[in-house]
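Q: Here's the letter readout for the chains.
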Amino acid sequence: MSALLRHEGVPLSEAMVFGLSASLSFAYIPLIKINQLPLIAYRMVPRFILNGVKKKLRLPLRFETFRSPIDGRRRLDELLDQGRVVGLQSSVFFLPYFPANMRFHFNAHNLIAYGREDDEYLVSDPVFDEPTRCRASDLQRARFVRGALAPKGLLYYFDGPVPPVNLAPLLPAAIRKNCFLMLHVPLPFVGCRGIRLLARRVRRLPEKRDPEFTRRFVGHIVRMQEEIGTGGAGFRFLYAAFLQEAAVLLGKPALQDLSLQLTTIGDEWREFALHAARINKGRDAIDLPLLHRLLTDLAKKERALFGALRRAV
Amino acid sequence: MHANEVPERSAPLFEGRHKAVYVVDEHGRYLIAKSGGTEAEVSVTEEAVSWFARLAAEARERARRGETSPLEVHMYRQRMDLPTLAQATGFWRWQVRRHLRPAGFARLSARGLARYAEALGLSLAQLQSLD
Numbered sequence: 001m002s003a004l005l006r007h008e009g010v011p012l013s014e015a016m017v018f019g020l021s022a023s024l025s026f027a028y029i030p031l032i033k034i035n036q037l038p039l040i041a042y043r044m045v046p047r048f049i050l051n052g053v054k055k056k057l058r059l060p061l062r063f064e065t066f067r068s069p070i071d072g073r074r075r076l077d078e079l080l081d082q083g084r085v086v087g088l089q090s091s092v093f094f095l096p097y098f099p100a101n102m103r104f105h106f107n108a109h110n111l112i113a114y115g116r117e118d119d120e121y122l123v124s125d126p127v128f129d130e131p132t133r134c135r136a137s138d139l140q141r142a143r144f145v146r147g148a149l150a151p152k153g154l155l156y157y158f159d160g161p162v163p164p165v166n167l168a169p170l171l172p173a174a175i176r177k178n179c180f181l182m183l184h185v186p187l188p189f190v191g192c193r194g195i196r197l198l199a200r201r202v203r204r205l206p207e208k209r210d211p212e213f214t215r216r217f218v219g220h221i222v223r224m225q226e227e228i229g230t231g232g233a234g235f236r237f238l239y240a241a242f243l244q245e246a247a248v249l250l251g252k253p254a255l256q257d258l259s260l261q262l263t264t265i266g267d268e269w270r271e272f273a274l275h276a277a278r279i280n281k282g283r284d285a286i287d288l289p290l291l292h293r294l295l296t297d298l299a300k301k302e303r304a305l306f307g308a309l310r311r312a313v
Numbered sequence: 001m002h003a004n005e006v007p008e009r010s011a012p013l014f015e016g017r018h019k020a021v022y023v024v025d026e027h028g029r030y031l032i033a034k035s036g037g038t039e040a041e042v043s044v045t046e047e048a049v050s051w052f053a054r055l056a057a058e059a060r061e062r063a064r065r066g067e068t069s070p071l072e073v074h075m076y077r078q079r080m081d082l083p084t085l086a087q088a089t090g091f092w093r094w095q096v097r098r099h100l101r102p103a104g105f106a107r108l109s110a111r112g113l114a115r116y117a118e119a120l121g122l123s124l125a126q127l128q129s130l131d
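Top to bottom, those sequences are chains G and E. Numbered as in the numbering used here, the first sequence ends at 313 without a single skipped number. Numbered as in the numbering used here, the second sequence ends at 131 without a single skipped number.
It should be emphasised that the hints constitute simulated quantities derived from the structure, not laboratory data. All of these numbers come straight from a predicted model, not from anything done at the bench. Glycine is no exception: its CB is placed at the ideal position from the N, C-alpha and C atoms. Heads up, a few of these hints could be off.
FRET-style restraints, in silico, Cβ to Cβ [to be verified]:
1) G:L288 to E:P12: 25 to 33 Å
2) E:A114 to G:P172: 50 to 58 Å
3) E:S50 to G:A136: 26 to 34 Å
4) G:V10 to E:A114: 39 to 47 Å
Pairs of lysine to aspartate or glutamate, EDC-like flavour, derived with a Cα cap of 20 Å [unchecked claim]:
5) G:K33 to E:E47
6) G:K152 to G:E64
7) G:K300 to G:E268
8) G:K33 to E:D81
9) E:K34 to G:E227
10) G:K152 to G:E78
11) E:K34 to G:E64
12) G:K33 to G:D210
13) G:K301 to G:E227
14) G:K281 to E:E47
15) E:K34 to E:E15
16) G:K54 to G:E64
17) G:K300 to G:E271
18) G:K152 to E:E118
19) G:K56 to G:D159
20) G:K281 to E:E46
21) G:K301 to G:E268
22) G:K55 to G:E8
23) G:K152 to G:E130
24) G:K152 to G:D77
25) G:K177 to G:D77
26) G:K281 to E:E39
27) G:K281 to G:E271
28) E:K34 to G:D129
29) G:K208 to G:D287
30) E:K34 to E:E8
31) G:K300 to G:D267
32) G:K177 to G:E245
33) E:K34 to G:D267
34) G:K54 to G:D210
Using the sequences provided together with the hints, build the complete structure.
A: This is how it looks when you write it as C-alpha cells:
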C-alpha cells in the first residue's frame, strides 16, 4: 500500500499506513487451527488494513478478484502495462523467491507488482529488503491457490487521482480506534485480554503427557509472531515507528515517549520468543510458569501503554 | 530492537536473503534494517521444517510397506496436513482420508489425481511415485 501511494506521489511510510488503519492487534483464536495449532494474530488481515486506509484517505482504491486464473493474469498484465503499481494477495508457499525452508502454506500474504519483463514480474515483497523477480507461472499459481484465506487472485490499484492527504487531523481517531481494539473489545480472545488468555492456555499445556505438542505449541506462538509480517515483535516495532511519526505531525512529544515504551514492550515480546524458541528446540527444559509470567506481564504492560496512549490523544 | 543488535549475516535458512526489520538507532529513531535472521525466528522455523520432514520420512516408510499411499508422503513433503490438503483441493476430509489409504489412492480418477497434483504443485508422475 505504501508503495502504491508513493507511486502516486503520496509518500506515506509503511508505518503510517499501518497506524492510520489501526491495524495493530492481538487475537488468540483457538477455534481456527493451523496444523492443529491455534491461530494467533498480531495484526488485522490485509483487507482490513487496506480498507481502513482507503476510507480514511478517501482513496480511489479498487479491489478485483477473479474466478478464472487466466482472467486474473490478463488483468494484472493489463494494469502493469498501463504503468500502474498493483498490490496482490498470494500464497507464500509457491513464491520462488522465498527461501525453500521458509515456504509454508499461508495464503494471506501481500506483495506489490510494479512491472513485467518477458516472462517475469518485478515484485516488491514486504518481508524482504530488496525488490525481486518472479516467474509468471509461479506468481500465477501463488495467486490462485485454494484453501483457507484463498487469495482468488485479489489485486488492488488506484483507479483515479489520489486526493491530497492531510494526515494530522486523521491521526487521533486512528490511534483511539487502535486503543479500543486492544483494550475494549468485549471478547476474551482479543486484545490484552487475549494475551492473558493465551498465557493461561500456555500454563495448562500438557508438558508431562505430551511434551512434543507442548513444545510445538510454544514454537508456534513464536512463528506467528516473527515469521510472516513486517518489522518483528508482532508488529509492535512497526506501530512504535508510526507513533514516532505521529508525535512529529501532531506536535505531541508524549507520543514519542509512548513510542519508546512500545519499543521496550516489543523487546519483551522478543525475549519471550527467545525463551519459547529454546524450549521449542529442546535446548531449554520446558518451563511453562516462565512463559506464563512473561505473557501475563506483556498483557499488563500493553494494557498500561494503550491506556496511556488513549489519554495522550 | 536496537540497530546494533540486528544479525547481519544471513542465516542458512534465509539462503542469502535478508528480512526488513524496524529498529531504533542510538537516538531512539526508527529505521529499517536488514536482518539475517534472529535466533528465535530461525530456530522455530527450522523446527517446523523438521517436523514435516519427520512426518514425511515416517510416511515414506509406511508407504514402502504398503500401509499408506504416496499421497501422505507428498502431503507432508509439501508441508501440508490433512485439513490443509482438503481445503486446497476442495475434497472433504473424509475423502482425503480415503485417498490417503493405498486402496483409496489406487481408485482415484485421473481428475482426482490431477486435483491433488495441482494443489501440491507436483506433476502426475511425481504424485504417483514415492520419490
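Q: Work down the list of hints and note, for each, if the structure agrees.
A: Results of checking the hints against the structure:
1. G:L288 to E:P12: 25 to 33 Å: holds (31 Å)
2. E:A114 to G:P172: 50 to 58 Å: holds (55 Å)
3. E:S50 to G:A136: 26 to 34 Å: holds (33 Å)
4. G:V10 to E:A114: 39 to 47 Å: holds (46 Å)
5. G:K33 to E:E47: holds (18 Å)
6. G:K152 to G:E64: It holds: about 9 Å lies between the C-alpha atoms, which stays within 20 Å.
7. G:K300 to G:E268: holds (12 Å)
8. G:K33 to E:D81: Holds - the C-alpha atoms of E:D81 and G:K33 are around 11 Å apart, at most 20 Å.
9. E:K34 to G:E227: Judged against 20 Å, a Cα distance of about 15 Å means the pair holds.
10. G:K152 to G:E78: Since the Cα atoms of G:K152 and G:E78 sit roughly 18 Å apart, the hinted pair holds (cutoff 20 Å).
11. E:K34 to G:E64: violated (33 Å)
12. G:K33 to G:D210: Judged against 20 Å, a Cα distance of about 18 Å means the pair holds.
13. G:K301 to G:E227: The hint is violated at about 23 Å.
14. G:K281 to E:E47: holds (7 Å)
15. E:K34 to E:E15: OK: E:K34 and E:E15 at ~14 Å, within 20 Å.
16. G:K54 to G:E64: holds (15 Å)
17. G:K300 to G:E271: holds (16 Å)
18. G:K152 to E:E118: holds (15 Å)
19. G:K56 to G:D159: Roughly 17 Å between the alpha carbons, so the hint for G:K56 and G:D159 holds.
20. G:K281 to E:E46: holds (9 Å)
21. G:K301 to G:E268: holds (10 Å)
22. G:K55 to G:E8: holds (17 Å)
23. G:K152 to G:E130: violated (26 Å)
24. G:K152 to G:D77: holds (16 Å)
25. G:K177 to G:D77: violated (37 Å)
26. G:K281 to E:E39: holds (11 Å)
27. G:K281 to G:E271: Holds - the C-alpha atoms of G:E271 and G:K281 are around 16 Å apart, at most 20 Å.
28. E:K34 to G:D129: holds (6 Å)
29. G:K208 to G:D287: Measuring from Cα to Cα gives roughly 11 Å; hence the hint holds.
30. E:K34 to E:E8: holds (7 Å)
31. G:K300 to G:D267: holds (15 Å)
32. G:K177 to G:E245: Holds - the C-alpha atoms of G:E245 and G:K177 are around 17 Å apart, at most 20 Å.
33. E:K34 to G:D267: Measuring from Cα to Cα gives roughly 17 Å; hence the hint holds.
34. G:K54 to G:D210: Roughly 47 Å separates the two Cα atoms, so the pair is violated.
Taken one by one, the earlier hints fail for this structure at numbers 11, 13, 23, 25, 34, listed in ascending order.
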